[in-house]
Amino acid sequence: MGKGMKDNVIISVKGISKTFGGLKALIDVSFDVHEGEIYGIIGPNGSGKTTLINCITGFIKPNAGQVFFQGRDITGLAPHKIAHIGIARTFQIMRPYYTLPAFKNLIIPLWSPRARKIGGWRGGGKHGDRDTVAVDILEEIGFERDSRVPYKLASTLPTGYQKRLELARCIALRPQIIFCDEVFSGLSMSEIASMLPLIEKLKMDGITLIMVEHRLRELFRVADRVMALNFGEKIAEGDYTEVIEDKRVKEAYLGSEEV
Amino acid sequence: MEMMRKERIDRGIKVRTEGIYAISAMKEILYLLGPRLLLIVGVLLLPFFLELAPYWKRVINIMFVYSLLALAFDFLANYVGLVCLGGAFFVGVGGYLSAIFNSYFHIPIYISIPLATILGAIFCTLTILPCLPLRGVYFAIVTLMYPLLATRVIEALNILGGTNGITGIASFPHEYVEQYAVIFVMLICLFGMRRFVNEDIGLVIRGVKDNDQAVRASGISITYMKTLAVFIASLMCCFGGAYIAHLYMWAGLSLFALDFSIIPIASVVIGGGGTLVGAVIGSFILVPLSEFLRFFGTFRIVIYCALLTTFIILKSEGIMVYLQRKYHQFERWVKV
Ligand SMILES: Nc1ncnc2c1ncn2[C@@H]1O[C@H](COP(=O)(O)OP(=O)(O)O)[C@@H](O)[C@H]1O
Ligand SMILES: [Mg+2]
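Residue numbers (the numbering used here), protein chains in the order written: chain C, 1 to 259; chain U, 1001 to 1336.
Hints may contain errors.
Cβ-to-Cβ under 7 Å is the rule here; a few derived chain C residues that face chain U [as the list claims (entries may be wrong)]:
#1 Thr75
#2 Pro79
#3 Pro109
Pairs of lysine-lysine, DSSO-like flavour, derived with a Cα cap of 30 Å [said to hold, decoys possible]:
#4 U:Lys1315 / C:Lys152
#5 C:Lys14 / C:Lys247
#6 C:Lys152 / U:Lys1006
Don't read these hints as lab results, they were simulated from the structure.
No experiment lies behind these values; they were computed from the predicted model shown.
We put the CB at the ideal spot given by N, CA and C, even for glycine.
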C-alpha cells in the first residue's frame, strides 16, 4: 500500500466498544480502510468479528465509538440507510430467500432505491428487466448461465453457490464497500481459489472489500492489509507477513488451531 | 414382505414451472386456464342461480366479503409474515366511514364506497403503524385489540350513533348491482393479488417474511414495505366494510364483530395458506356452511368446531394445496 493512499480513507472506525450484558464483545476498536483496498479482519471464534460488522452496518448500536464513511458520521443509522449510501454486507449465517429461485434472490437488492437510481449493469440492461440483470450478475459470480443452477430454488443450492449468492446480493446493490463475513470459511482451498478472480474483479471495479475470516491463510494473497482481533481487542495490524509473525496473534491461536 | 410406496410424478407439461411459461398447444393452454375459467364463470353465473333461492342472496354477498377478508389475511400472514387479527377493525372503519359519508354528508353510494375504501385504508394503516415493529404473536394480539377498542370508544363517547349505529344509508340501486359489485371486486383482488406477489415489488414484500435482515441490508426499509402491505390488505377489508354498511343500510358496532377477524383465518386454514385462491375457496365453503348450520340453533358452534377439527386433522395442508398437487402430479404405488 503506497503512502499516497493514506489520504483517501473511505471508512474510519474510531474506538468502537460493545458489551452484551457483562460480556465485552468489542473493546475500543479503531481502524481505517482506504478506498479500493482489500482489508482483512481475522480472529478466533467469538473474538467479535461479526459484532464489529454489525456495529458498522447499523444492525447493532455500539455502546461507544463512531463510524465515519467518507468523513460523514454514520454511527447509529438504520441498516437500510447505511446500505443505501453504499455499504453492503454478507451474513455469516447464510439465509437466502429460500422460497425464491436463485436469480430471483437478486431482484430484491436490484429493486432497492439505490440500485434503481444507479441502474444498468456493465453497460447493458440499462432499461432491461431485472431478471436479465440478475442472471448477468449470477453468471459473473460463477453460476453457469446455461445450466439450470441460476433457476434452482435457493434452498436447494450447495454451500459454495449459497456463499456466492450471498456475495451476488451485495454486488446487485452496486455498493462502494462490501463487508464479507466469512465467505471463505467452510469452502475447500480449491473452491476458495476459484473465487479469487471474482474478488480481484470487484477490486478492479473500485469496490473496497473488507474480508472477515476465521483464519489468516484464507486471506493469503488476497488482503492488502490485515487486522487481528482477540477477545474484542485489536491485537495487530499490518500486511500478511507482519501479522502472521506477530507474537500476540500466534498466542491467540495457540493450542486451538493454526493461524 | 413387499413394501409399497407412493410415488409422485409431475405431469409432462412444461408450463408447470412457476412464472416461466412456454405454451405451445391448445391442450396446455386449457390445462393452465381451465381451473381459472371454471372459477370465474362459476362465480359470474352465481347470481342467476340464486334467483332460485332468494334467501341465499344475502349470504352469498357476505360470503364474497369474507373471501376478500380471507384474501387480505392470507396475503399478510403468508406473504408478509404479519399475522393480523384486526380484520374486524378494517371492516368497521370502512363501514362507518361510508356510513358517515353517505348518511351525514349525502355523498352518493358510488362515491362513498370508493372514498371509504381509500380513506379507511389510509386511516387503518396509520393506526397500525406503531405496531409494525412487533413480531409474530405480539403483533397478532395487539391487532386483536383494535376492534375491541374501537367498539368501547364508540360506546363510551356515544358518538356515531352510539350503540344504535348509523341508519339511513342508501342501498344499492339494483339487486344485480349489489351482487356484481362484490363479485367483480373479489375477482379483481384475487387475480390482482396473485399477479402482485410475483411482481418484483411483491418479491421484495415476500423477502420481508423470508429474511428481513437481508432486505434491510439491501437498502430497503422493511417498515415501508410492511406499511405498503398493510395498506393493500386494509383496502380490501375497508371495501368489505363499506359494502356491508350499504347492504344492511346500517352501520353499527357489529361491524367490529370478531367474526370478521376469525372466520377469514379459518377459511385460510381450510383453503390452504399461501395460495390466495385457497382463502377464497375456504370462505366459499365456511360461510354457507355456517349459515346452513343455523338450523341447529346454538348447537351449531359444536358441529362447526367438530367439522373444522376433523378437516384440519385429515387435510392439514388445505384444500387448494391438495388440489393443486393432484392436478399437477400423477400418483402411483411402487415397490420399494
Ligand atoms: N446478540 C448477542 N447477544 C449476546 N452476546 C452476543 C451477541 N452477539 C455476539 N455475542 C457474543 O459476542 C462475542 C463475539 O461474537 P461474534 O462477534 O459473533 O464473534 P466472531 O464473529 O468473531 O466469531 C461472543 O462471545 C458472542 O457470544
Ligand atoms: Mg462471526
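The hints, checked one at a time:
no., hint, result
1, Thr75, "violated (17 Å)"
2, Pro79, "holds (4 Å)"
3, Pro109, "holds (4 Å)"
4, U:Lys1315 / C:Lys152, "holds (29 Å)"
5, C:Lys14 / C:Lys247, "holds (25 Å)"
6, C:Lys152 / U:Lys1006, "holds (25 Å)"
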